[in-house]
Amino acid sequence: MYKLICRDGSAKRGEVSTVHGVIQTPVFMNVGTVGAIKGAVSTADLHDIGTQVELSNTYHLHVRPGDEVVKKLGGLHKFMVWDKPILTDSGGFQVFSLAGLRKIKEEGVYFHSHVDGRKIFMGPEESMRIQSNLASTIAMAFDECAPHPATRDYMEKSVARTTRWLARCKQEITRLNCLEDTINPQQMLFGINQGGVFEDIRIEHAKRITEFELDGYALGGLAVGESHEEMYHIIEKTVPYLPVDKPVYLMGVGTPANILEAVERGVDFFDCVYPARNGRHGHAYTNHGKMNLLNAKYELDSDPIEKDCGCPVCRRYSRAYIRHLLKAKEMLGLRLLVTHNLYFYNKMMEEIREAIEKQEYAEYKRKKLAGFEQEEM
RNA sequence: GGAUGGGUAUGCCUAGCGGCGAGGGCAGCGGACUGUAAAUCCGUCACAAAGAAACAACGCAGGUUCGAGUCCUGCCCCAUCCA
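The first sequence runs 916 to 1292 under our numbering.
Using 25 Å as the maximum straight-line C-alpha spacing, the simulated PhoX-like pairs for lysine-lysine come out as follows:
hint, residue 1, residue 2
1, Lys918, Lys1085
2, Lys1242, Lys1205
3, Lys999, Lys986
4, Lys1222, Lys1280
5, Lys1283, Lys1273
6, Lys1283, Lys1205
7, Lys953, Lys999
8, Lys1152, Lys918
Simulated from the structure, these hints should not be mistaken for lab results.
Please construct the entire structure, taking both the sequences and the accompanying hints into account.
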């Protein structure tokens, strides 16, 4: 259930009530693809840094350890020891990212497992069944995340198929939620809008998927190679065709700046591998932009990543120490950086929610973006 | 003193067995990454250079050869073993 608390321009401040608690939106979901945030960050750590929703992946958990295993162990929440909401991505993104290992058909997608090469079939029903076994709070519809660039013809056919798949997803999850041994019979379903950078296809598709009366709607297939301007334009043109009383989720996005722009255009949910991956790769997010702690200039820098940051890392450790850990390939270095980055994202979302409530979003966004442009401290 | 094995570029390790204008790794330095096949990948790493051509450099000195990091001789170092 989505409750719209207030609006500031197109920006929305809302709440999503779920069986695993209330999600304050706009929200950034922390990505833990295989049921773990890469970088050795535990679910206990996630509680400390204000994470509201964890995101895991249908395809990856199906390959290993297997969704049946997770179900036997009581579902993903119990398995990974996380009692707040979990959103599972459907495997649709793997249709895009594992392009060299799969074949798309009307019935679904044939993958070669990236782990051992064995053949895996996943269609809408399979994806829903897996997600039901995982018992996530929110399941995503199985879609094709189409590549960019794509021809108009390809996109039209892909989107039409994604719509047909959505009908099958809806039917299957409705059936699964009624079964007696379903762990989470109140599992929610979000549909996914596609269409690449073709505005009219996006809008037409938005109208079509809205008819399914789902729990939320996502914009997929963005940030896959198109320019920021194209992405913002598509968001701006498509969001008005999605219901205002349902959460809108911009999948896989993005940089702090991307999020600030998308919130202004009415987006409620985000997720991105950036804070975790870039953290593992030595980058720290700050209010003054991104810093690469691997750079030689931090060798003797005894300051924390960010002086006024309230995260558990900045309260204790210096840039020089974290740089040393990264150089020494100590796992602790990755963990500290990823923890800081996720905190940074979570904190920014908190500020965003506050700014919308105060009807100061435009000003908040302007200042925040200006800060990112500043020279590093 | 004798035996054996070695000395390869900018710091370290290493490939090489007559066509080398010398390959790789580590370390260093820089960059990329957007619903995670990513603690990954890419670039750079003698001098000079916008780039191209050309040029320096395999412990040292000679020699054989059309051609030597590679073969031969002497010497200098290093390691291990024997006195």
